[in-house]
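Chain order of the listed sequences is A and B.
Everything in the first sequence is counted per our numbering, starting at 490 for the first residue and increasing by one.
Everything in the second sequence is counted per our numbering, starting at 4 for the first residue and increasing by one.
Hints should not be assumed to be uniformly reliable.
Stated by the list, open to error - Heads up, simulated DSS-like pairs for lysine-lysine below, C-alpha to C-alpha not over 30 Å straight-line:
1. Lys815/A - Lys796/A
2. Lys608/B - Lys589/B
3. Lys682/A - Lys957/B
4. Lys654/B - Lys637/A
5. Lys682/A - Lys723/B
6. Lys654/B - Lys747/A
7. Lys723/B - Lys724/A
8. Lys723/B - Lys796/A
9. Lys586/B - Lys687/A
10. Lys760/B - Lys957/B
11. Lys747/A - Lys586/B
12. Lys777/B - Lys760/B
13. Lys746/B - Lys687/A
14. Lys747/A - Lys815/A
15. Lys796/A - Lys589/B
16. Lys747/A - Lys723/B
17. Lys654/B - Lys682/A
18. Lys586/B - Lys654/B
Keep in mind that the hints were calculated from the coordinates and are not lab data.
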Amino acid sequence: MATYLEFIQQNEERDGVRFSWNVWPSSRLEATRMVVPLACLLTPLKERLDLPPVQYEPVLCSRPTCKAVLNPLCQVDYRAKLWACNFCFQRNQFPPAYAGISEVNQPAELMPQFSTIEYIVQRGSPTPLIFLYVVDTCLEEEDLQALKESLQMSLSLLPPDALVGLITFGRMVQVHELSCEGISKSYVFRGTKDLTAKQIQDMLGLTRQDLCKHRNNHLFLAVCNSCRFLQPVHKIDMNLTDLLGELQRDPWPVTQGKRPLRSTGVALSIAVGLLEGTFPNTGARVMLFTGGPPTQGPGMVVGDELKTPIRSWHDIEKDNARFMKKATKHYEVLANRTAANGHCIDIYACALDQTGLLEMKCCANLTGGHMVMGDSFNTSLFKQTFQRVFSKDFNGQFRMAFGATLEVKTSRELKISGAIGPCVSLNAKGPCVSESELGIGGTCQWKICSLDPSSTLAIYFEVVNQHNAPIPQGGRGAVQFVSQYQHSSTQRRIRVTTIARNWADAQSQLQHIEAAFDQEAAAVLMARLGVYRAESEEGPDVLRWLDRQLIRLCQKFGQYNKDDPNSFRLSDSFSLYPQFMFHLRRSPFLQVFNNSPDESSYYRHHFARQDLTQSLIMIQPILYSYSFSGPPEPVLLDSSSILADRILLMDTFFQIVIYLGETIAQWQKAGYQDMPEYENFRHLLQAPLDDAQEILQTRFPMPRYINTEHGSSQARFLLSKVNPSQTHNNLYAWGQESGSPILTDDVSLQVFMDHLKKLAVSSAS
Amino acid sequence: MSVNQQAHTGLPYGQPQPGYQGYQQSGYGGQQMPAVHHSQYGAYNGPMPGYQQPAPPPGYFPSLGFPSKGSPVCLNSDTPILAPNFIGALRAPPPSGAPPPTSGAPVPAGQPVYSQFGQGDVQNGIGASAVQMQRPSASQPFIPGTAPTPVSQPATFQQYGPPPTSAQQLTNHMAGMQIGTSSSAPPPAGLGYGSSTSVPSASGSFTATGSGHYTPYSSSQGPPPVNVSHGLPPTSLSPNLSLGQPAFSGPPMSAQHPPQASGFVSPPCSTGIGPSSYPSTTGAPRPSTMQGSPLPGHALTGLPTSQPNHVSSPPPHPAMSGPPPGPPVLGLQGPPPPTHPSPSGYQMQQNGSFGQVRGPQPNYGGSYPGTPNYGSQPAPPPPPKRLDPDSIPSPQLSELPPQQKPRHRIDPDAIPSPIQVIEDDRNNRGSEPFITGVRGQVPPLVTTNFLVKDQGNASPRYIRCTSYNIPCTSDMAKQSQVPLAAVIKPLATLPTDETPPYLVDHGEPGPIRCNRCKAYMCPFMQFIEGGRRFQCCFCSCVTEVPPHYFQHLDHTGRRVDFYDRPELSLGSYEFLATASYCKNNKFPNPPAFIFMIDVSYNAVKSGLVRLICEELKSLLDYLPREGSIEESAIRVGFVTYNKVLHFYNVKSSLAQPQMMVVSDVADMFVPLLDGFLVNVNESRTVIVSLLDQIPEMFADTRETETVFAPVIQAGMEALKAAECAGKLFIFHTSLPIAEAPGKLKNRDDRKLINTDKEKTLFQPQTSFYSNLAKDCVAQGCCVDLFLFPNQYLDVATLGVVPYQTGGSIYKYAYFQLETDQERFLNDLRRDVQKEVGFDAVMRVRTSTGIRATDFFGAFYMSNTTDVELAGLDCDKTITVEFKHDDKLSEDSGALLQCALLYTSCAGQRRLRIHNLSLNCCTQLADLYRNCETDTLINYLAKFAYRGVLNNPVKTVRDTLINQCAQILACYRKNCASPSSAGQLILPECMKLLPVYLNCVLKSDVLQPGADVTTDDRAYIRQLVSSMDVAETNVFFYPRLLPLSKVDIDSDTLPAAIRNSEERLSKGDLYLLENGLNIFVWVGVNVQQSLIQNLFGVSSFSSISSTLSTLPVLENSFSKRVRSIIDMFQSQRSRYMKLIIVKQEDKLEMLFKHFLVEDKSMSGGASYVDFLCHMHKEIRQLLS
């Protein structure tokens, strides 16, 4: 066990890969019976301090349908200077540069510790990064001011040679020209009219240059095109700072009882069109800052009448959200175009009400952009989050990469079912593409327009090996992940990760497979599937599906006597899995009650891209307890953990809650912390704050920070998350010093488990 | 005989310019006199002869002339003296300020208006009695204007000499006036004037005024004076008649006269009545209005009228006798008149028309003399020349075997001369104020400088009518074919010495209006029941007077506050509108000006963009302001464009301007709200910075395509967003071929000319612009378009919006900075600075019986009654045609009320009201005697120019010719004395109709020359459509001045000459202007010194024909010529292009195009030929 845990952890650290199963069932039939699919979580750009990139091209398998990269799993004939592809078994000649190869003189890619290796390659001319700000001006004065300051500040964070552009919108959309002296120039578009990319480019005067494309070289074209709307930061730093400084609120009058007219749809469309026309297939971020819902034109989410509230889940269920479908369609089209051009869209939405993230989510989801939701631009939540977009790694490089394509190659026994994550399909058919789809399938290549070190994709496989074709003893299945991307330093890089796992016959060696089960990864992978389904299916159906899967898993791997729930046992490698599922069922990813459609979209967005650890936090928040009785310790996410003499720190990923127990709160009110003799109390109070700060420092997006105490309304954030083991329905717990009851009708983990056991052991199912 | 006499006299008179006077007089006389045909005739003769000029009081004069004939001498003598005095006195008093208080005391105030009368009175007074004199004076206030005359009198006298007639007329008027005043007024004024010291001057003044305003008076005066003074209207009449005839006969003319006389005679008779009625009416009305002493008026009028008739008849005779000479003869006779008032009177009158001819004759003297003889004969000759208006028949012919001569040659000098008519009118009416108190007065010609005193009718600067005497029935109107139309220029600029309309505020409830027809309170409303109600003068409905407006009536039935309220005593005034007169019941915001500059390659390269930007920097300080307000309320905005539009945010708080590009031209919108329209002073630095940068920004542009419709849309949308009205100044260079709404294609096709499809050249390519115009009008968005084409850009289509929104188009083909800069900048300055109203609606109400049926000009109409104008500036004119829908009565006359609701440049909502009362007649002769040919031409031209949109040009031309033939034939048939069919007899007031009409027919629109582009035609077509009478007059018959005759030491201009090549001397320099261009024609044999002085070069051959200005040289000749040109420029609403034409140079072809009396290159007939043609047409109609 310990070995598998270590193995898993080691693999994750080295390759950024977590498989649900670390020993693979060798036949298709067996694989399907394992309930949890063979799948992995891949973090393509996992930060690795010890991975210096190599400065040459990878060596590819010469078979046109394969083109796998030379890796440590390949068999090498050092004398013949040949290597055999471990995917297609093609024998390949080493290129001339490898003439000196020998057993003692191996290139890095052949060394086992370089199962993940990164190449820096020369492809085309390096193009600078592009940041296109799309700014809503229908904001309150304070918000706008705060936003302007944030934007001005961001200029100093950008790489000096990055190109930057500015589009503002309100009732109209303005594309600002940045290179003018003495007069500020902008192109204005009406916010109600959808324009095709060609029209936009015509109107921005970008087509003229297309004509000279044939005559002049490409570089000139780029310069020419960019010169007006996209300028190197170092050149127009001052200009843009002034321009932002002069930015006014949308001047068009908003009458009583109306929402400001906000042309988000057109603004985005223009941003996309602009980049499409100037820098296709170059790393670019469209950063949308909006303070409210789009209220006119294509992509409008709600009318401008304040008396009509923005759609709720209730409206959507009743099919009463009149703009939703059209708007969604509009943004989907945009997102797909953006993705096709390798650009990404970030959405920074700060408003108290919804801003239409539900409709716009695909922009961020499909392009790998960020989605940030806050109450106001004038909050540290937004300011710090935004600042963190430009954070740098230990090498001083931005933690962002662009225009990545991820290709997956598998050995013959495996095929690829699909992927779930911030990507779009590249529709690359190949021998390793499965016909059954999970997530975004039908392809072995995906495009991830924007990546950061924590971006994680779930990739699902199908074992296709037939039952009657056993795998030779010691045979291993291999998967190679090839990610090509534009590094923030504008280099093109290729990261290749090749992994291999043992096959095992599920009938004879089930215990091996069982022991190699990674329940954390499995929980996240299943959750992704569930969330993915929830986007298109009814909530209850998804829950039923999840339940069925859980029951089947328990049936398969539990040890029990039929129809005797009490006899039910799960091995250690499965023991936490039901609990994850329990919390997943209660999570905002699958429950829309009490969440607005925007919030749901927001939560799902992040869930579909965070790495395993963060995802688990999202599924099952972490609860720490601080008390005088000992050092801080994690405690059960259970109402019984809520005690009067404790301080609780809960991290749900989106929120950090510090909760003072009843007694603690009274002490604090009494001011004991200020008395020298109670310095320990002061330390106790301080401890969770410090820990919270630590989390806040690193988390992206910045979580909502809630400091509350027993009985306060904000305590609901805690109460809604804990397992309601004590409720008004089971008052027997009253009086015991075992926590506080939760006023809910939700089932508790105990009840859930009881049912699960009953169903798992039932011979009826 | 007459000829001789005339000749002799003529000369002398000639000096006085009897001709002119005669003209005017005749013209006026005719008009005014209409009532009194005889009198008019008399007047004509009168004026022509001795008095001619003085007689000028045209219309009246004629009558006067007659009267004068009757008692000419006396009158003359009297009048002159008296008149001067009066005038002087009057003028002095002019203060006019005091409205025509009741005749007596108020006089002074009233004077202005009355002045004319006053003068008349004066004369009368003189003639009649001091008393009268005094009165006039009383009324005189007007006289003031004349005041100066005293001195001049002598001179004028000469004219007056003739003036007797005028005097008479004046007297008549005066009489009328006096009548009113006589009782009370006389004393004061009389005294002053009576003082006689001024007398002579008075006469002088008289003549002046007389000619202008007095005509009617004069007519009455001439005779009346005497008669009047005597108060023997009836007698006067008879005398007049007798006189008139006798005069005619008496004069050499007798022979000739017969025919004419007969012709005239008939009128006289009829007119006699008419006149009587007229006078009565006029007299009465005036008096009533004026001072209220009706009797005198009647008496006077009666007399005058009678005279007029006579006069008119006589003139014809003379004219007849020597067709062209006739007039001259008359003119000549004129001179005699002095001696023999009566004869002069006659001649004057008849000649009136001719007189003018003579005017010129003076110079030609010789020929004329001859003519006079013919005049008598004319009748016979007529056949050959139908020319002679009244008697125009070629004089020569008449003398010679009429028959032969006719065809062979017509002496160009014998046919009616515009120059003469203009000179006569100027001399006769230019020196005295035109007082508008009397109904149906024919004003002086537009070419005459005169002062207007508003005493209840709108100034002719605001409204001019084709006829001031409207037929009572539609049958008559149809029979005569004389169009009844008014040319209205509601916001006309007044000379500084005339008071602009007062602003009346009726407070919260708004202006007082008739309950039924909604007419606005005006001087013609009748208060009844002690002032508790008033009866509408238009529809007769009785309306309660609101309590806050109630006022007691005095013993004459007039409100006690009559003089305190402009709406009760003046013809033109303004009301402050209340919220209910505004869009959405909200008071409007101040208007805005948006400058929209084409920055495509052509515009940038030619330097135009830089020029405009530079100019705007200073021009923005001169936006129109209201009254004494220091800062203009108008906000400004800027747009540049080529294929896309660039808006500019110039908000004062910005450090630098912001440019906003809108490329979505398919769906135009305004990208910004705040900061687009700004106050100039607040945003000055930003604006200046913007204007500095625009030329730089586009200096390297390579964009050649432009859009157009989106530009207008953008401006309109901007105004809509700002919720205000305003004006767009668009500077555009090329055919808008860029992909956008309103995109046009080049469809210029000269092959269409003279085909049925020619009309398509004038029609817009697409209806898009009409719809756009509609939207603009709804928003109060007026569009002024400055075009700088290097090739065809389809003015017909581009002009639709400017045209329908009341805007202007300026066109500078092949714009070149060096040559066209000054012209463009001057136009731009004037266009930006001129007074303008926005979001206007104009409605013309009329007495029951006639109705405004058709409208011509630059505006839009969504229904049949309301003329909607997004913008209306002080140069824009609307011509309104009236048709009968019932009978009119002679007693009540016909009233017009033009109400213009508009937003002033300060954003104040106002109503400008113009009232005009016209006479009505049952006799055709009255109609013909009170017509105004210039106005008629204005109408006909507009009618024809609109016609080409829907009909082949040839049809339009034929229609015009036909209508004129019918007008003249009707006259011949019903008003002229029997004469041989071969004789062309023209009504005195219309004797220029053929020549002017020919000019219209030959104009570029109706008969394009080979070098006239389609754009030019469309441009001119639209331009003419909103021209006023003065502009059409000079446009169709350009002014041609011999420069060598310029008197360097005086301000007077040399006498103009007729537009014919044969009148140009190789050794002379000429100046020709038509409102659009000024030509300086240099003969090959011009003295070196002149060339040196003017051009600064040594020889003819070194004169550069590419000069666009005359070099500034320090010699008196150069200074004088340049000052003349400057003066001309200042008189026109557009800056004229100066072109130097050297004789026998290639540019001369262009110049010759404007010699409108000659045969034109494009096939237009010469004056003589056309006259013959017209005569033929008339004969056909008669037979």
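Against the structure, the hints:
Only pairs whose Cα atoms come within 30 Å are accepted, and Lys815/A paired with Lys796/A is accepted, the gap being roughly 21 Å. In summary, the hint linking Lys608/B to Lys589/B is not supported, as the alpha carbons are separated by about 46 Å, beyond the 30 Å threshold. With a C-alpha separation of about 50 Å, the suggested pair Lys682/A and Lys957/B falls outside the 30 Å cut-off, and the hint is violated. Between Lys654/B and Lys637/A, the direct Cα distance comes to roughly 20 Å. Compliance with the 30 Å bound is thereby established for this hinted pair.
At most 30 Å may separate the alpha-carbon atoms for a hinted pair to count; Lys682/A and Lys723/B meet this at roughly 20 Å. A C-alpha spacing of about 26 Å is found between Lys654/B and Lys747/A, which places the hinted pair at or below 30 Å, so the restraint holds. In summary, the hint linking Lys723/B to Lys724/A is not supported, as the alpha carbons are separated by about 40 Å, beyond the 30 Å threshold. Restraint check for Lys723/B and Lys796/A: satisfied, since their Cα atoms lie roughly 27 Å apart, inside the 30 Å limit.
With a C-alpha separation of about 42 Å, the suggested pairing of Lys586/B with Lys687/A is violated against the 30 Å cut-off. Under the criterion of a C-alpha separation no larger than 30 Å, the hint pairing Lys760/B with Lys957/B is consistent with the structure, at around 12 Å. This hinted pair checks out: Lys747/A and Lys586/B have alpha carbons roughly 25 Å apart, not beyond 30 Å. For the suggested pair Lys777/B and Lys760/B, the alpha carbons sit about 26 Å apart, so the restraint of at most 30 Å is met.
The suggested pairing of Lys746/B with Lys687/A holds, with an alpha-carbon distance near 20 Å, which does not exceed 30 Å. Note on Lys747/A and Lys815/A: the hinted pairing holds, with a Cα-Cα distance of about 22 Å set against a maximum of 30 Å. Distance hint between Lys796/A and Lys589/B is fulfilled; the C-alpha atoms sit about 28 Å from each other, no more than 30 Å. Under the criterion of a C-alpha separation no larger than 30 Å, the hint pairing Lys747/A with Lys723/B is consistent with the structure, at around 21 Å.
Under the criterion of a C-alpha separation no larger than 30 Å, the hint pairing Lys654/B with Lys682/A is consistent with the structure, at around 27 Å. Proximity of Lys586/B to Lys654/B is assessed by CA-CA distance (about 27 Å); at most 30 Å being required, the pair is judged to hold.
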